[in-house]
Structure formats: structure tokens, C-alpha cells
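Asks: Take a look at the letters that make up each chain.
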Amino acid sequence: MNIVKAAHLIYDYITQDDETGEETVSRAIDDVDLDISAGDFIAILGHNGSGKSTLAKHMNALLLPTGGAVWIKNMDTRDESQVWDIRQTAGMVFQNPDNQIIGSIVEEDVGFGPENIGVPTDEIWQRVNESLEAVGMTEYRQHSPNKLSGGQKQRVAIAGVMAMRPECIVLDEPTAMLDPNGRKEVLKTVRKLNKESGVTVILITHYMDEVILADKVFVMDDGKIVMDGMPREIFSQVEMLKSLRLDVPQVTELAYELKKAGVPLPDGILTIDEFVQALENVKRPEISNAQKKEGDAHVDPS
Amino acid sequence: MMRDITIGQYYPAPSVIHRLDPRVKLVGTVVFIIMIFCIGNLAGYVLATLCLAGLIRLSKVPIKFMLKGLKAIFFILIFTAVLNLFLTPGTAVFQWQFIRITQEGIVMALKMAIRLTYLILGSSIMTLTTTPNHLTDGMEKGLGPLKKIHVPVHEIAMIMSIALRFIPILMEETDKIMKAQQARCADFESGNIFQRAKSLVPVLVPLFISSFRRANDLAMAMEARCYHGGEGRTKMKPLKYYSRDYVAYIVILIYIIAIILLNIFFDPIQTMIFARLGL
Chain A
-12 MNIVKAAHLI YDYITQDDET GEETVSRAID DVDLDISAGD FIAILGHNGS
38 GKSTLAKHMN ALLLPTGGAV WIKNMDTRDE SQVWDIRQTA GMVFQNPDNQ
88 IIGSIVEEDV GFGPENIGVP TDEIWQRVNE SLEAVGMTEY RQHSPNKLSG
138 GQKQRVAIAG VMAMRPECIV LDEPTAMLDP NGRKEVLKTV RKLNKESGVT
188 VILITHYMDE VILADKVFVM DDGKIVMDGM PREIFSQVEM LKSLRLDVPQ
238 VTELAYELKK AGVPLPDGIL TIDEFVQALE NVKRPEISNA QKKEGDAHVD
288 PS
Chain B
332 MMRDITIGQY YPAPSVIHRL DPRVKLVGTV VFIIMIFCIG NLAGYVLATL
382 CLAGLIRLSK VPIKFMLKGL KAIFFILIFT AVLNLFLTPG TAVFQWQFIR
432 ITQEGIVMAL KMAIRLTYLI LGSSIMTLTT TPNHLTDGME KGLGPLKKIH
482 VPVHEIAMIM SIALRFIPIL MEETDKIMKA QQARCADFES GNIFQRAKSL
532 VPVLVPLFIS SFRRANDLAM AMEARCYHGG EGRTKMKPLK YYSRDYVAYI
582 VILIYIIAII LLNIFFDPIQ TMIFARLGL
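As they're listed, the protein sequences go chains A and B. Residue numbering for the first sequence is -12 to 289, as defined by our numbering. Residue numbering for the second sequence is 332 to 610, as defined by our numbering.
Hints may be right or wrong, so weigh each one.
[Stated by the list, open to error] Example chain B residues on the side facing chain A (calculated, C-beta under 10 Å, incomplete):
| hint | residue |
| --- | --- |
| 1 | 479 |
| 2 | 481 |
| 3 | 483 |
| 4 | 488 |
| 5 | 489 |
| 6 | 553 |
| 7 | 554 |
Just so you know, these hints were derived from the structure itself, not from any lab. Quick reminder that beta carbons are idealized off the backbone N, C-alpha and C, glycines included.
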């Protein structure tokens, strides 16, 4: 079943010039079709201004389409009577952890969502306990969010969404403001939720290494989806990604460069382990051959 | 260090007063303050003093913390006392050129000083024993009936609790902006008060802009989590009255009645006793 579906989605931002009052229309999303099936781990990639955040906000009915339509579990986001059901089905985690935590105590913040949808008190507690457990923040339940690290705050925010029992979580650059450790924590949590609770995850990011474990990747540029497929398929097109101002993971780029230099490596190497494996499979003389070639390349310019 | 700042002046201690329902404490404080201004004679003040002393003992908050609150109003206290002392007309006990101190003036000055002191002490007991969150919860629930006349009680409480949550964040941000500007040779420490206030303007502008951005983000995050006002909202930690709260209400009621009775009956008794003693 498709949990998120978009057809011919168009969204225009209208900006008004302060002095002249002239209105300019800029198209943030341009004719996007999207089909996401339940239980998947989806990544949406794109550099700044590619429209990926705008797309994310459509999945939560925070923005409504200018043209086309978005359906969350067959509910049209334009239907105002269903807006709370939609937001309950597709939870959203934002970039800045400070600006999305409402409660002054961790457990109160997690309970905020269930309170809003009118869950009875006993069940709120049960849901809060479960959600905190799921993100591994139970021991911090009595803490003030101000004293947590960025990664911990973001996990609290995820717990806050989980407490509403969503079927799908949209994470809008959840790691952009975190340090490497915080990023790891958050990604681990998200992956665990996807695997263990079967929640559909839509991860929006511009970090390439975060999307390696996704089931499917969409790449956006200038409001359009320009590439889609398995991570391996996407990352085998290094040139294309570079033209979209996206970086490939370091190891993928190294493999790509080696291949260009003549080492017979497969396309789309994603992890270091894979790379080591692939290198071992390459026969020795060919390596030395390739090294020679590279060596030549080094000598040439001088 | 800015993160550890305590908001309000909550003093954690395991006391009955701490465990009371915030609504009881709110009502009690309001009653106490109103009654201070209704007391008509010495016996009333004695009773109020006894009650206050008892409450402070019960709350297990060191008296030092209570008196801290008084420091802030020290000047107002002196000011009102002095004004009352010199400007109340009546029989003079001391006169030197245009300065005139009257008997009524002394009584009035004392009264005002005592009233103000008790007012501050009474409300500090509440703020010292109740967390800000509890207080807003209590206000929301306690003022609930005002919803009928379209007072946005839930919204006000929500605004207050969000403000409380963002105070430390904004303070940290102020600190960051000031450091960033100091790194570029901004001077916040020298000059007179006007110059210093002026040098804060470049701090306030970015702070203002960023708080708007934060507000915008927060509003969106709240909407994404299905926030749609107080209607149909359940509570994770609903306020519930326990037997101790009912006892507290009864104590408050007894206090009101006692003050009123003292006002009515104490004066004749006092004159009677004084007459017997030949005073």
C-alpha cells in the first residue's frame, strides 16, 4: 500500500518586493510524482534550495499544493477535515532541536502530541514510556531539555512524534545541526524504528553517507526529482551527482577515481568493507598496473 | 553556566506546602494578600504574623531565601514609610521648621511597612514552593471558569510555559551574540549607563530577529504535532485534589473568618481591658 503518494505536485512561493510591491513567483516544487510504500526507508537528497524541505512539509499538510495533490494513506492533504488525521499518520521532525521541543521536562514534551489528540491520561503515560524506551532516552525523562546534547534533543523530538503512533515519520534534515556523534545517534535510532516498529521513514538530508542504508533514494534538484533508485544505482552515477552539486561518500569517490584510472572495480561501492572486498578480488598484477598508471598521472604534470 | 540558571526561585524541599495543589497555593496567596489590607487592629497583625511564621516553618525553606525577596523592594519600603511618616496629618509629636511627624504618621508608616513586607513574604512562599510549570498548570485549571467569558486561559498558560522554556535558550543566545560582537571589539562594559544601553542595541536586533525565527519554527513544530488550541486536549499530568488540599482550603477559610471576627470584636475587648487597667 502506498503511504505517501504525490501526483503532479507543484508549489509556488510568492515573494513580495518590499519597495516596489512587485510579486515574484518562484517555483519550489515542479511537477513531482512520488510513490512511497509502507515500511520503507526512503531518503530524499538535494543541495540547499532544491525543494526537498518544501516537499517534506507537504507530507504533513503544513504546506498545501499549488497544483497537483498529495495523499497520505489515501487522505488528500487539501481536505481540511482530515488535517489532524494526516498529521497523526505522518509525524515530522525538524532541523533545529531547540525549536521543536515544547515541554520543560523531557517526558512532558513527549506527552505533548498525545495530549493534543485527546488521548486519555493513562494511555499518554504508556505511550510516553514506550516512545522514550524506543529512542533510548528513558533515563533522561525527568531532565530539562536544555541540558541535553543536540543528538539527545533530536531523539526526544523523535520520541515526541512516535508517541502519536504515526505510520510514517518525515525527518527534515534532522542531523544538520548536530556533531558527528549526535548524527550517528539519531540515524541509529531512526533505523531501529524503521526495522523494529515498521515505521515508514522519509529522511531528508544533504549528507550522502546517511542514505546508504535506505531502501530507495530520490535526488531532487531545482524542484524536480532528477534521479531515483537504490542507493547503489544512484551512487554509481558519480558524474551526475557532481553536476547536481552533491558529494558522494568518500569511499565511493575513491573507488570511482581508481576505476577511472583503470582498476577494474564494480560500480557504486558504498562502504569501506565493500571496497576492501572489491580490492581483494582484483588480481595483483592489475593493481600494480593501475598504480603505475596513477604514478604516470602524477609525473605527467610536472 | 548560563544553562544552569534557575527560573523563578523554586526551592526544592520535601514539605507539605510543596506538595499542595498549585490552585490551593494561588488561592491562599491571594486571600492572604487581600486579608493583609483588611486587618484593622493589632490582634489581626499578630494572627497574620503567626500564620506566616507557621507557613515558613512548614515549607522548610530557609528564612534567608524568604528575606531575599525583600531586598528587591527595600527602597520602595523605605520610600513609602518615609512618605507616610512625614505627610500624614494629625497630632504632632515632633516638629522642626517644616518637618512634622505625627502620631498617625508613625502608625501609618509602620502599618505600610508591615503590609508590604508580609505581601512579599506571602507571595514568596508560593513562588519558592511551586515550580513555574506547576504554577501555570494551576492557573490554567483554576482560571478555567473564565473561559466562559472568552478569556483565553489555555492560551495564556501555554504562552507562559513556552516563555519559561525559552528563557534559558534566549539567554544563551544573547551570550553568544555578545561574545561574537566582543570578538569584533564591541564594548559593553565602559561608559555611563546611557552609553552602555546604547551599545546593547546591536545585540538586541539579532536577538529579536532570531526569536521571531524560533517562534515561527516552534509554531510549525506544534502544528505538526496536532496542536490546535485547548479544545479536546487531554492532560498528561492532570491536577487532582488530595485530602491535604481540602484541609488547606479549610485552614484558609478559618483564617478569613478569624481576621473578620478580630476586626469586629477585638476593639471593644481591647478598650474594655485597657479601661480595667486604668489606661
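Asks: If a hint holds in the structure, say so; if it does not, say that too.
Replies: Hint by hint, here is what the structure shows:
Among the interface hints, the one on residue 479 of chain B is violated; its C-beta lies about 21 Å from the nearest C-beta in chain A, farther than the 10 Å criterion. Here the hint on residue 481 of chain B is broken, as its CB sits about 22 Å from the closest CB of chain A, past 10 Å. About 17 Å separates the beta-carbon of residue 483 of chain B from the nearest beta-carbon of chain A, more than 10 Å, and the hint is not met. About 13 Å separates the beta-carbon of residue 488 of chain B from the nearest beta-carbon of chain A, more than 10 Å, and the hint is not met.
Using the Cβ-Cβ criterion of 10 Å, the hint placing residue 489 of chain B at the interface with chain A is satisfied: the shortest such distance is roughly 9 Å. Look at residue 553 of chain B: its Cβ gets to within about 6 Å of chain A, closer than 10 Å, so that hint holds up. Look at residue 554 of chain B: its Cβ gets to within about 6 Å of chain A, closer than 10 Å, so that hint holds up.
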